[in-house]
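Novice: Mind the numbering: the sequence shown is residues 1 to 694 in full-length UniProt numbering, read in order.
There could be a bad hint or two in this list.
[What the hints assert, rightly or not] Derived CB-CB ranges, DEER-like: (1) G412 - V268: 30 to 38 Å; (2) D327 - A495: 20 to 28 Å; (3) D327 - Y476: 35 to 43 Å; (4) D34 - P270: 35 to 43 Å; (5) I18 - R269: 18 to 26 Å; (6) A496 - P135: 55 to 63 Å.
[To be verified] Taking lysine-lysine and the BS3-like style, the derived pairs with C-alpha atoms no more than 25 Å apart in a straight line are: (7) K46 - K20; (8) K176 - K66; (9) K235 - K294; (10) K66 - K43; (11) K43 - K20.
No lab work stands behind these hints, which were simulated from the structure alone. Each residue gets a CB set at the ideal place from its N, CA and C atoms; glycine is no exception.
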Amino acid sequence: LLFVVPATSPEEDRLWNIVKANSLDFDAWTALIDETEKVAWDKILKIRRVYDAFLAEFPLCYGYWKKYADHEARLGDMDKVLEVYERAVVGVTYSVDIWLHYCTFAISTYGDPETIRRLFERGLTYVGTDYLSSPLWDKYIEYEEMHSEWARVASIYTRILEIPNRSLDNYFNRFKELVGSRPLSELRSAEETPVPPSGLSENGGQASEGDVHTVEPEDSVKPVTAGLTEAESEKYIALREEMYKKAKEFDSKISDFENAIRRPYFHVRPLNAAELENWHNYLDFMEGQDDLNKVVKLYERCLIACANYPEYWTRYVLCMEACGSMDIADNALVRATQVFVKRQPDIHLFAARFKEQNADIPGARAAYERVHTEIAPGLLEAIIKHANMEHRLGNLETSFSLYEQAISIEKGKEQSQVLPMLYAQYSRFVYLASGNAEKAREILATALDHVQFSKPLLEALIHLESIMSLPKRIDYLDSLVDKLIAPSSDSTASAAEREELSCIFLEFLSVFGDVQSIKKAEDRHAKLFLPHRSKSVLKKRLAEDYLSSDKSKVAKSYTDSASPAQSVMGGYPNAQQTQWPAGYGVQPQGWPPANQAQPQVQQWGPGYTQQPAYGAYGGATYGGSYSAPQVPAAVAPTAAYGAYPPTYPPQQPPQAAAATAFPQQSYAQPAAAAAAPPVQQPAAVPQPYYGTYY
């Protein structure tokens with residue numbers, strides 16, 4: 001059948017145009033949903049269209065999955081309701097709320113108790129150990145109490161008492177009330193019934209040889225009515241109390257982390273710095289507990305609230321790789337790059353490096369190409385990293401081609417901000433990778449003909465000369481520096497950039513120049529920049545000189561004026577810059593400070609410029625506050641983790657799902673693993689732009 005979507009109103013058209021132009025405009029999406037519901041309350045095709053499009057972009061919004069299912073139920077298609085809920089538990093698998101809504105729907109729809117119990121057990125497999133899972137447990141208890149299944153109710157309480165959760169004390173009190181209000185014979189399952197001593201019949205006599213005690217199927221579900229002593233009753237409660245105490249012990253270790261989580265659900269608004277830092281600290285703690293299942297479930301909870309932050313996805317992937325759980329790592333990377341942070345270049349650059357390290361070269365190239373063509377065309381970091389990878393693979397000509405293609409594209413743009421840096425990086429790469437000094441100089445000479453004269457380009461020329469063999473082209477560089485920093489220059493460089501470039505050239509000359517060239521540059525610097533420095537700054541510098549020189553203290557006292565020689569020699573504020581060989585190395589990259597971690601959900605335009613590089617992607621060099629991930633014991637997780645890659649078994653609807661035993665969690669505290677010492681980060685030093693990626 002061919003279904004035609006009804007025509008849209010002018011307001012709907014306007015809102016559709018907005019979300020098509022920017023699919024991450026959450027407010028426009030919610031306004032579009034409201035408008036569609038208002039004008040098409042009974043037109044399910046329009047409602048499906050808007051909800052399907054919205055939830056493809058924001059699958060973690062469990063409330064909208066519930067609204068979508070309610071629309072389908074209101075218009076009478078129960079199969080569609082089931083389909084929506086099945087899609088929902090795939091999109092937001094670790095949400096307590098969506099499983100609660102699904103189970104509530106099942107209770108009101110299905111008459112078979114086993115179908116409903118299978119759905120409860122399926123949901124509890126994923127979220128039963130969540131610290132805030134009590135609503136789902138309460139619904140399960142309520143359902144069994146409604147059917148007077150007291151043995152099942154007692155069994156549910158027993159399972160809950162093993163799990164640290166916010167309502168643990170309440171559950172223990174309710175369990176004791178249950179024991180006090182019902183005969184213990186109704187609470188004990190057949191498996192808990194004391195077995196008569198071997199060799200004795202029920203009447204105390206010897207069993208005849210060949211007698212076999214058979215248990216009817218009904219025996220396993222009927223309450224046991226054998227006489228129970230008071231001692232047995234106390235033992236029954238005491239066993240659960242031991243579980244409760246062990247869970248409370250672990251609860252005392254995580255309660256501070258849990259209480260600091262103010263927003264456990266997804267929203268496009270940024271999280272505050274304290275909450276972001278708390279998630280990192282909580283993950284640090286859990287990674288040291290030697291339990292892979294707990295680690296995975298905490299990451300999955302974290303990535304509901306922090307779904308818009310690439311660093312948490314990156315951390316998850318690296319942790320799972322360190323644990324040897326590559327299927328989980330690949331699953332997380334797919335979700336990050338295809339759904340949750342798919343428009344952020346950082347995650348794709350990480351994916352490219354991760355795939356290269358795991359011998360997936362076609363996948364790495366595809367990740368880079370996606371950045372070049374779709375995510376952030378012209379992104380300098382992506383071009384440099386892609387070229388470097390091809391060089392590592394022995395494809396030097398391919399590396400050159402990547403730079404040349406990028407330069408050709410940028411030359412076609414008016415006033416490209418990337419082009420000067422592309423030329424500079426290409427020149428440096430050619431010299432370092434191939435040793436071809438003439439080609440490197442030729443590239444920069446070509447740049448001077450095609451690019452507006454600028455500080456980055458001239459800085460690259462100075463650096464290139466500094467690393468090449470003698471003789472140095474000092475006169476050539478001096479003429480270019482003079483052209484850029486002269487007051488009459490038509491350069492767009494600011495006064496600060498001109499002064500900084502003059503200092504860089506002076507530093508270069510101090511190593512490679514002669515007395516005459518140094519004097520010429522110093523005199524020019526003093527003439528152009530010292531008269532414009534405020535007297536207060538000069539006083540401060542002279543005071544610092546005074547405090548640092550014992551000889552000056554003895555010889556004379558300083559006045560507000562200084563001799564010409566003192567002014568010239570003390571007039572270079574950047575004179576303490578790192579020397580050339582040290583100024584272009586890799587700076588290890590740390591986890592971004594929490595107060596700077598903001599989700600970048602905007603569409604990256606062609607003008608997107610350089611971003612900080614990743615330093616390294618494995619081991620202790622990855623970051624400062626997050627060093628090498630601690631490796632929990634490689635135990636098999638008890639549940640599938642989402643349903644994105646084909647390696648994960650699909651979740652079955654309640655009619656077809658087989659009964660699933662709930663995985664019992666052990667919260668026995670393992671021996672504390674020795675925490676790796678944090679990586680000591682070097683002091684921050686201003687780095688030239690072209691030294692970031694090597």
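Novice: The structure should be examined with respect to each hint, and the outcome stated for every one.
Specialist: Structure-based check of each hint:
Taking the beta carbon of each, G412 and V268 are about 35 Å apart, inside 30 to 38 Å as hinted. Checked against the hint of 20 to 28 Å, the C-beta distance between D327 and A495 comes to roughly 57 Å, which is inconsistent with it. For D327 paired with Y476, a C-beta distance near 58 Å fails the hint of 35 to 43 Å. In this structure, D34 and P270 break the distance hint of 35 to 43 Å, their C-beta atoms being roughly 24 Å apart.
The supplied range of 18 to 26 Å is met by I18 and R269, whose beta-carbon atoms lie about 19 Å from each other. Taken as a hint, the range 55 to 63 Å holds for the pair A496 and P135, whose Cβ atoms sit roughly 58 Å apart. Proximity of K46 to K20 is assessed by CA-CA distance (about 16 Å); at most 25 Å being required, the pair is judged to hold. Between K176 and K66, the direct Cα distance comes to roughly 35 Å. Violation of the 25 Å bound is thereby established for this hinted pair.
Between K235 and K294, the direct Cα distance comes to roughly 30 Å. Violation of the 25 Å bound is thereby established for this hinted pair. Distance check on the hinted pair: K66 and K43 sit about 18 Å apart at the alpha-carbon level, within 25 Å; holds. Between K43 and K20 the alpha-carbon distance is near 22 Å, which keeps this suggested pair within the 25 Å criterion.
In summary, the structure is inconsistent with hints 2, 3, 4, 8 and 9 from the numbered list given earlier, while agreeing with the others.
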